[in-house]
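Chain by chain, the residues:
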Amino acid sequence: MTASKLISGAIALAALAGLPPLLDAGWQNAMNTMLIASLYALAFNLLAGQAGLLSFGHAAYFGVGSFAALHLMLATEDGLAFPTPLLPLAGAAAGLLAGLVAGWFSTMRSGVYFALVTLAIAELFHSFAPHLKALFGGESGISGMRMPWAGFTFGSTLEVYYLTLAWVLVCGALLWAYTRTPFGRLTLAIRDNEQRVRFMGYDAHVTKTVIFAVSAMFTGVAGALQAVSNETANYVVFGAHVSSQVVLYAYVGGATLFFGPVFGAVAFTFFAFLVSDLTRSWLFYQGLIFVLVMLYAPTGIGGALTDYLRNRRTRPAAPMVLAMVGGVATACGVVFVTEALSVLFGLDYAALRRGSEGLPDFSLFGLTWAPLSPLTWALPAVLLGAGIAALRYGTARLAGPTEGASAAGANEGVTT
Amino acid sequence: MNKTLTTTALASLMTLGAQTGALTAEPLKIGIIESLSGAQTSTGRLYASGIHYGVERINAAGGFNGEPIEVVEYDNAGGATEAADKFRQAAADGVHIVIQGSSSAIAGQITADVRKHNLRNPGEEILYMNLGAEAMELTGDKCHFYHFRFTTTAPMRVNALTAAMAEAGELGGKVYAMNQNYSWGQDMEAAIKAAADQGGYEVVDAVLHDVNKIQDFAPFVARIKAAEPDTVITGNWSNDLLLLMKATGDAGLDVRFGTTYLDQPGNISNAGDTALGHYIANGYVNVPEVSEFAEAFKSESGDYPVFVEPQGAFALGALDEALKTLDFGGGEVDVTQVALALEGASYESPVGTITVRPEDHQTIRPVVVSKVVEGAAFPVDGTDMGFELIKIVPAEDAIYPVQDSCDMQRPG
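Top line first, the protein sequences correspond to chains A and B. With the numbering used here applied, the first sequence closes on residue 416, and no number is skipped along the way. With the numbering used here applied, the second sequence closes on residue 412, and no number is skipped along the way.
Just chain A, with the same shape it has in the complex (with noise of 0.2 Å):
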């Protein structure tokens, strides 16, 4: 198992260190993205799934970390000798000191409370950042210029990439290293009892103020890592979708794994950057994963995976081909009635539609439908039919007849 671990591992890190230089700019920034949004999510894991406080506001910490990033770079285009690869530690900083004078405060109250706490934190952020110009730049932000160091420009893609690389790493070993130590057991100890920590001598709103720093001083480095890679800030990176976004990771994710976020920051990243140009849709289709996810696999992505890579020989191997074909034929049901439904409720229908009598043809993945027509609507019917009908047959054999419980469960997570 150990060994297994560290093989994939090894093949992780060789694929992360040696596959940019052979993709496009596109790709490489795609990647880029992804890294910032992993580290994102495992600082925002340590407070949320460690420690069992759900913050709400984690966009006021990466915020501060990019505007943090954002004037040191402005300094050294000044001339202040500061090595550019560091510029992230002025975002740990910022993010360190927000999250303790934010983590005395909000820590007081836990549940609901703490994250309504978090929540006003970030918005007092949001709104007051566009009135501070000097120090966030208005409405079109600051904008600085990374300076060459050390014989490196780092004017590429590709050496921001391995810059960002160097520094989720270590950032990732740290932060795995933090929950083998006395300190990290005390932050599991928080989230399952905290009363006992309390009879234990333990000071637990210190131990709870100490936990939210150091996961805002990594969400800090997250912040600064983007405010590297694209080299301005706005006080949007305040706002509720940056906050909501690193929730979605985390739990998407897995966030009862230490690597699970990874899992979920991936995804959303990818998922965007593929599908975000093909269709108008790709918001809808993000929220399904997610609603799916949670009412199917409640470990998340990386939940599943494991529990998957766990129990793999004892499976039978034909009800889990049949599980994945009826997956993807539902999935396939689900984007055409969805995409029929967008071209037929679209502008340039409505359009098509005033020039011609009746209902005219639309044409959709590369063919032309009649839109009254019933072969048109056989094709998902069959797709989504047939599809769910492979999918309970075969989780329900996968699951066997003692876990039947979870017949209908898409996934096999749900047993952990």
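What the hints contain is simulated information worked out from the structure, not anything from laboratory work. Please read all numbers here as calculations on a predicted model, not as lab measurements. Every residue, glycine too, gets a C-beta built ideally from N, C-alpha and C. Please note that a few of the clues may not be correct.
[As the list claims (entries may be wrong)] Not the full set, but computed from the structure, chain B residues with beta-carbon under 7 Å of chain A:
hint, residue
1, L36
2, Y74
3, R88
4, E137
5, S183
Put chain B on the given structure of chain A with help from the hints.
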């Protein structure tokens, strides 16, 4: 990467097959980095449709460099970070021109990205056509050679609006400035105050309020009432404009509005009779006087042009004029040459001549002032209301001096 790209690629392959010997011809590639999902979709979509109309006109006349112009759409989902990602994707796809319009925040990101890309990749420059981001700093502090703004700005709109309203005898001597508290609203307020002497009015009060957060404008209406203005000038858009007008109507306050975004689809139908008699200053409005363009647009796209669609069409018209002066002989496209040609281009738009000011790349263009009336020739939003042309303020009367903060480095 994209369906549009694939079809255009296929089309250009076929034309390539037809004309032998032109195998090295590089098509001009345009990337639209616009809000095609998220809250700003309705506006982003309209910019894109205006651009497509303009491109189709150029391609129908034979394209450029022996090839049809290719257009690729990139969805920035309304975010600056996403826009930065899409810009890098566009650069990797070999785009020559990026076009965007629906947010100054995103424009700030893209213009900075373009500037740095051009510094780092000499010979592979990218040109940025900004269709609608009106923040003054884009042609001020952030101005650079490869950024061109094909829209009005706050001073242009306010100068034209106050001049035309005063001429029509509907401005009055007391003006109330009501704006959103961010760069656009602040620019508007500054412009309203700056135009006071020339327009012969007094600013009785000025308010900046939160953007898209206020549900009830009644307290603001009470303040307006107390100040007893003749006219309220506002740069508000979307919900903020609508709710403000509704609250005014509900309070029975009889005050005229001078606006800048009243033509956004849905505004008139939502406001109802409250909208009647209000003014707007913008770059185009559907009226019989300029209907030739409207009919051409309709026969192409199925609908009369609305809101920001003409901005896209006019900007592409100016690009067309610039491209006509260039000949790369079927070789590589030199973006710096395109930029220089765009500086010198003069486009006869349906509302008047549009030129580019070389010092800061702001377009010098006429501003259209119109008024909401009943029984308009081009009714909007399914109502019987629409716009009536009051005055087309000539470009030279609407323009303002170049900002001192613009320090443009020119190539060569």
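Cross-check of the supplied hints:
| no. | hint | in the structure |
| --- | --- | --- |
| 1 | L36 | holds, 6 Å |
| 2 | Y74 | holds, 6 Å |
| 3 | R88 | holds, 4 Å |
| 4 | E137 | holds, 6 Å |
| 5 | S183 | holds, 4 Å |
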